[in-house]
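Asker: Listed below are the residues making up each chain.
2 protein chains.
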Amino acid sequence: MGVTLFSIEQVNAQQGHRITRIAKIQVDPAQLESFNAALKEQMATAVKLEPGVLTYYAVADKGNPSDITILEIYADTAAYQSHIQTTHFKKYKATVQNMVKSLELIDVNLISVAKKPGM
Amino acid sequence: MGVTLFSIEQVNAQQGHRITRIAKIQVDPAQLESFNAALKEQMATAVKLEPGVLTYYAVADKGNPSDITILEIYADTAAYQSHIQTTHFKKYKATVQNMVKSLELIDVNLISVAKKPGM
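In order, the protein sequences belong to chains F and X.
Here the first sequence is numbered in this note's numbering, starting from 1 and rising by one per residue.
Here the second sequence is numbered in this note's numbering, starting from 1001 and rising by one per residue.
A couple of the hints might just be wrong.
[Claimed, not checked] Some but not every residue of chain F turned toward chain X, in silico, with C-beta under 10 Å:
#1 58
#2 62
#3 65
#4 69
#5 111
No wet-lab data here; the hints were simulated from the structure.
Heads up, the beta-carbon is just placed ideally off N, CA and C, and yes, glycines get one too.
Bound conformation, chain F alone:
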């Protein structure tokens, strides 16, 4: 039982350093398809190449598809600082700079996650 408690504390300590954020982006509707392609490429590349980029979910309002919300989870502050210095992130920022009308970043705390296995 001591071992079990120790493991749970380790997990909590690790998750306690995580950076979780919501990004709200308003995109120029005329450039939405190009924006979404660049976003998908950035997400896939960062998760593939960077050990500390853990999770991205990007969604678009059904009623207004150029209103985009992204849930982002990084391992810790160092992982995030490293991320924004990568070639792929800088390429993404340069590609979308004239497509983005507004960007709001909201620091959040993860209350809870519940998912089916494999989701």
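We have chain F already, so just place chain X on it with the hints.
Answerer: Then chain X, alone, in the frame of chain F:
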């Protein structure tokens, strides 16, 4: 190669029926701890008991922890309709009815997900 393409189309067709939503909830700050406990229980129970409840991420604004955002993914409309009729969901709604100051539900389309294995 024919088989591979067929499998990808099957996955896309299945995901095309999914219901993805963002819920924005403002909670009475005095009852935040009770609300979060009820929310966590609802999320865990629904994912455990209901085949069509796939994913929940609940986060709280760091600057204002009673501003809560939930990303929800259901298998399809039938799964969602079934979900809101369950005993555990009705219990949750009854428990939190006097804790919730406002609730906004936003239907969204999933643009893309990128996650580390096991996340």
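Asker: If a hint holds in the structure, say so; if it doesn't, say that too.
Answerer: Now for the hints, and whether the structure bears them out:
A cut of 10 Å between beta carbons decides the hint on residue 58 of chain F: the least distance to chain X is about 4 Å, and the hint holds. Restraint check, residue 62 of chain F versus chain X: the minimum CB separation of about 4 Å is within 10 Å; hint holds. For the restraint placing residue 65 of chain F at the interface with chain X, the shortest Cβ-Cβ distance is roughly 7 Å, inside the 10 Å limit, so the hint holds. Because the closest C-beta pair between residue 69 of chain F and chain X is about 6 Å apart, less than 10 Å, the hint holds.
Residue-level restraint check for residue 111 of chain F holds (minimum Cβ-Cβ distance to chain X is 4 Å; threshold 10 Å).
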